[in-house]
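Participant: For reference, the chains in residue letters:
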Amino acid sequence: MVEGLIRSRLLDLSDFDLYLANWMENGRNEIVVEFVLWIIQRFVLELKIVEASELPNSLDLLYRLVSQYQRSGLKPNNRYARAPACCVLCAVRAGCIELTQECRIS
Amino acid sequence: MAILSEIDLVASRLSVASLSMLPAEHELHQYIRKLLALLVAEQQQQQQAGSAQPESATLLVAKQVFLPLFAAIELPLRFELHLYLLEGVQTVCTRLRKELTSWLLYLDDEVRERERERERERDSTLFTHLLANT
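So the sequence lines, in the order shown, correspond to chains A and B.
FYI, in our numbering the residues of the first sequence are 1 to 106.
FYI, in our numbering the residues of the second sequence are 1 to 134.
Hints are not guaranteed to be accurate.
[What the hints assert, rightly or not] Estimated spans, in silico, between C-beta atoms of each pair:
# : chain 1 : residue 1 : chain 2 : residue 2 : range
1 : B       : S18       : A       : W38       : 24 to 30 angstroms
2 : B       : S51       : A       : N57       : 29 to 35 angstroms
3 : B       : S18       : A       : I49       : 16 to 22 angstroms
4 : A       : V2        : B       : L77       : 47 to 53 angstroms
5 : B       : F70       : A       : I49       : 45 to 51 angstroms
6 : A       : I49       : B       : R33       : 15 to 21 angstroms
[Unchecked claim] A few chain A residues that don't get close to chain B, going by computed Cβ distances all over 10 angstroms:
#  : residue
7  : N26
8  : W38
9  : D60
10 : Y63
11 : Q68
Quick caveat, the hints were computed from the structure, so don't treat them as lab data.
Even for Gly, the Cβ is constructed at its ideal location relative to N, Cα and C.
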């Protein structure tokens with residue numbers, strides 16, 4: 001459903017980004033964090049129909065969370081926020097569109 | 001809105017895999033053009049009447065098109081039709097993208113509320129029925 005709406009350019013991505021960034025509640029809402037990571041994986045990296053620059057707030061927050069996790073040495077519980085998530089975020093940050101097999105979220 | 005039912009009825013009779021296979025003059029496209037023309041006319045009428053929200057009727061129609069989208073995921077043609085309708089409404093209503101974004105993110109709440117409403121209706125019907133039979 002989200003895919004259909006995004007493909008048809010029926011969503012206001014700046015609003016979508018703001019809602020998602022707020023709903024992640026600084027990483028406390030893991031379901032939303034996973035959803036955002038899926039959005040990035042699917043639409044930015046795989047389908048390439050959304051630019052990373054269209055989701056600045058969500059990406060900033062995720063980047064901060066990943067950096068925080070890395071500094072603290074704590075492992076977050078959700079499966080998307082483990083190592084592959086770092087790869088996804090780094091790839092997005094670096095403008096690297098192609099994901100290597102080991103970085104791909106399973 | 002009756003015209004939405006007409007569109008659904010025509011769509012249910014289609015045997016094509018995609019709307020793109022229909023000619024521009026197909027009955028379905030004619031109904032969609034008619035719907036959009038009605039929405040534009042309504043907005044103009046509201047503007048002339050000094051309404052603060054001339055697009056409110058259009059947004060109500062858009063919501064009626066949007067809400068069944070989730071249930072139509074397994075039905076590609078129906079899903080395509082609803083997206084196509086929303087794309088059409090977007091051309092006559094600049095606020096639609098913002099509203100759609102909000103509807104999507106609060107869809108769970110909306111679905112839950114609809115379920116609660118249906119339950120209330122069921123309960124009240126059942127209660128009325130029980131009372132009538134006592």
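Participant: Does each hint hold? Answer for all of them.
Facilitator: Results of checking the hints against the structure:
1. B:S18 x A:W38: 24 to 30 angstroms: holds (26 angstroms)
2. B:S51 x A:N57: 29 to 35 angstroms: holds (34 angstroms)
3. B:S18 x A:I49: 16 to 22 angstroms: holds (19 angstroms)
4. A:V2 x B:L77: 47 to 53 angstroms: violated (19 angstroms)
5. B:F70 x A:I49: 45 to 51 angstroms: violated (21 angstroms)
6. A:I49 x B:R33: 15 to 21 angstroms: Roughly 28 angstroms apart at Cβ, these two residues miss the hinted range, so it is violated.
7. N26: holds (18 angstroms)
8. W38: For A:W38, whose nearest Cβ neighbour in chain B is about 15 angstroms away, the distance exceeds 10 angstroms, so it holds.
9. D60: holds (19 angstroms)
10. Y63: Non-interface label on A:Y63 holds, nearest chain B Cβ at 22 angstroms vs cutoff 10 angstroms.
11. Q68: holds (25 angstroms)
Hints 4, 5 and 6 from the list above are not met by this structure, while the remaining hints are.
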